[in-house]
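Undergrad: Based on the hints, put chains B and C in the right spot on chain A.
Protein chains in written order, with this note's numbering: chain A, 5 to 174; chain B, 89 to 498; chain C, 187 to 304.
Errors might be hidden in some of the hints.
[As the list claims (entries may be wrong)] For each label pair, taking beta carbons as the anchor points, the in silico distance ranges come out as:
id, chain 1, residue 1, chain 2, residue 2, range
1, B, I467, C, P274, 46 to 54 Å
2, C, L283, B, K425, 19 to 27 Å
3, C, E302, B, P449, 44 to 52 Å
4, A, L14, C, R218, 29 to 37 Å
5, B, G105, A, L14, 29 to 37 Å
6, B, P95, A, I114, 48 to 56 Å
These are calculated hints, taken from the structure and not from any lab test.
The beta carbon of each residue, even a glycine, is placed where N, CA and C say it ideally should be.
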Amino acid sequence: MTADKIVFLLCAALIISSALMVVTTRKLIHAALWLVAALFGVAILYAILQAGFLAVVQVVVYIGAIAILFIFAVMLTRKEMLDKGAQTRSNWWLPAVLGVLILVGLVFLILGQPIFSRTAAQIPVEVDTLRNLGTALVSQDGFVLPFEVASVLLLAALVGAVYIASGNNN
Amino acid sequence: MDFLNDPLNFIAGWMRGLLTGWGLADGLATVIIYFIGITVLIIFAMTLDIILVWVERKVVARFQDRLGPNRIGPFGLIQPFADIIKLIIKEDITPAGADKLLYNLGPVLAIASVIFLWAILPLSAKIFGVDLNVAVLYLVAAGSLGTLSIIVGGWASNNKYALLGAFRMVANMISYEIPMVVVLLIPTILANSMSVQGITQAQSGMWFAILSPLGLVIFLISAIAELGRSPFDLNEAESEIVAGFHIEYTGMKFGLFYAGELLHAFTFGGFIAVLFFGGYGGFFGLEKIGFFSWLNNPFIQAMVFLAKAMFGYWVIMWIKYSMPRIRIDHMLAFNWKFLTPLALVVLVNTAILSKVLGGLPNWGYDLGMFLSNILISVITVEILRAYGRKQRKTGVKLTPRGVQNQEQAV
Amino acid sequence: MQNDWLYVGIFLVIGIIVPIVPLVFSRLVAPRKPNPIKQSTYECGIETVGDSWVQFKAQYYIFALVFLVFDVETVFLFPWALSLKQLPLFVVLEGVLFIAILVAGLVFTWRKGLLEWA
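Isolated chain A (complex conformation) (with noise of 0.2 Å):
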């Protein structure tokens, strides 16, 4: 085994513990922050495959804005911080048996595909994979109506927001 798979079982571990808790947990910020604690396991994944941009974003974005925007949102609407009802329904285990059934499946079936004994192809170290992002983002042949329809997309997002805060204030 080598150094590198210890550390993704390691942080594959926290990701599903974190992830566990977020929905066992009773105390709503400390659902938020095992939240937190998942997603920064995913910039780990993030980092450790090489992608040391998208770590950082997965940091800034997801830590530093939406896990806010969660603590926020809780913080604000919520009077009870606690969770008092059932976290289960009597009828919880056949859900349950169902998920793993799933999974079992996909499991085979992935692990029937050829990508799992490829290895993956190395990357030349000369390659400035951000510069090619940043390129290929706004070149015509690229990916530039995607990225104009994306800003689009956030402007709505806004304007959603927007809207439904200034319903309430009517």
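TA: Frame of chain A; chains B and C shown alone:
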């Protein structure tokens, strides 16, 4: 002589030889060398932090026409060490009803988010932690962990004032993060690089402070807001919410928040030096002349860098101890209605001019950039003046609305 | 490249451990005599009223929303800024258009009065 010219690689090479000589694998040796190097770097940062306590107290005393600490040791130099001993032996009180784990996590995360920044701080061309190719965004990412630490600390204290301070601070930090990130794009464009070494080396001929003075000003303002220092210290507004998010913290935990703030201010001084004042270099080509070649020595460079960082820190202190506190509605309005649009205008200006002026010789490029910034400043001031005139003419009274706001502004 | 991130990873671990050291040290030497009065919430000496985890102004949430949109936008701009030197002027203007669309959002928010603290 190798040690003087490239100290880190010299020591690392020597240690690698030693460790592999003991039969360790090369990868393990790398990890151990990193481990030792990082520990030394962090201990250096923390020691500097202790000295900063003395610097801060001495400088604020001068601003307020006092003497400052002067009893323990020469010029009171031993004072911060006495402070630390005092903080450590003080009882650590956890308020009833606090969220124990998060309550302890808050101060640790607060200072750790600052320490993380030292990983990319380039002390000199040869003395630095790591030269990430996304260093500029790493700066923002570490800042967002700092935001998290405040909300965690404020929430876990089980105190209304703490939560209120945390809310204000987070609103402050996330708002001013926008102009900061936008302005961080400017050195990126000018240097055509996101790594701190690349940005530093791009300034060996001309500081970005001259190419983009407005960018510098916006970065300084948003850095102060990010630090939560006066005039943006609403988070701890002593007269209203006592100390804000760290109201319940005692002893060493308070000490960590305090030390974190000082080190953060100094580190931002360092980043201002890196991004706009040429970091460890930026001698306008002087170092290429044979007589001044000693400027290329890593230790001299580190001295130059620390001096520049200290200057940035001093400017931040100067502003802190000269400005009154700004009101929260003013603070948010100033950011969203003035600083963010201005930052975007400066960014667009820099992006277009870097293309348009790209063909010119260096002096023409520099002059064009500088003059365009001056032009934008003049236009901004004129717009503000016209706005002020209109306000006076229509006779809008600020006071009643302000009073109303203060009552509501929780 | 990978070594860079290994360095950062080790840095994050040590950076968390170092601040814990003085806290542990303090726990060893500092006195601990808690009592209910000492542990009560400090709110200017007045008895605390009600629960501390109360609802706050929803205005904070609006600013967080606007922040989120702009944060995502600026992240998109970093690769663009990096490749600026190799691109023709026309392509640079595409980035400017990207910014302009979001400025429209800011102006809309402004006109709707959502940026007022009230």
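Undergrad: It remains to establish, for every hint, whether it holds in the given structure.
TA: Hints versus structure:
1. B:I467 - C:P274: 46 to 54 Å: violated (28 Å)
2. C:L283 - B:K425: 19 to 27 Å: For L283 (chain C) and K425 (chain B) the Cβ distance comes to about 23 Å; the hint holds.
3. C:E302 - B:P449: 44 to 52 Å: holds (48 Å)
4. A:L14 - C:R218: 29 to 37 Å: holds (35 Å)
5. B:G105 - A:L14: 29 to 37 Å: Roughly 30 Å apart at Cβ, these two residues keep to the hinted range, so it holds.
6. B:P95 - A:I114: 48 to 56 Å: Holds: the Cβ-Cβ distance is about 50 Å, inside 48 to 56 Å.
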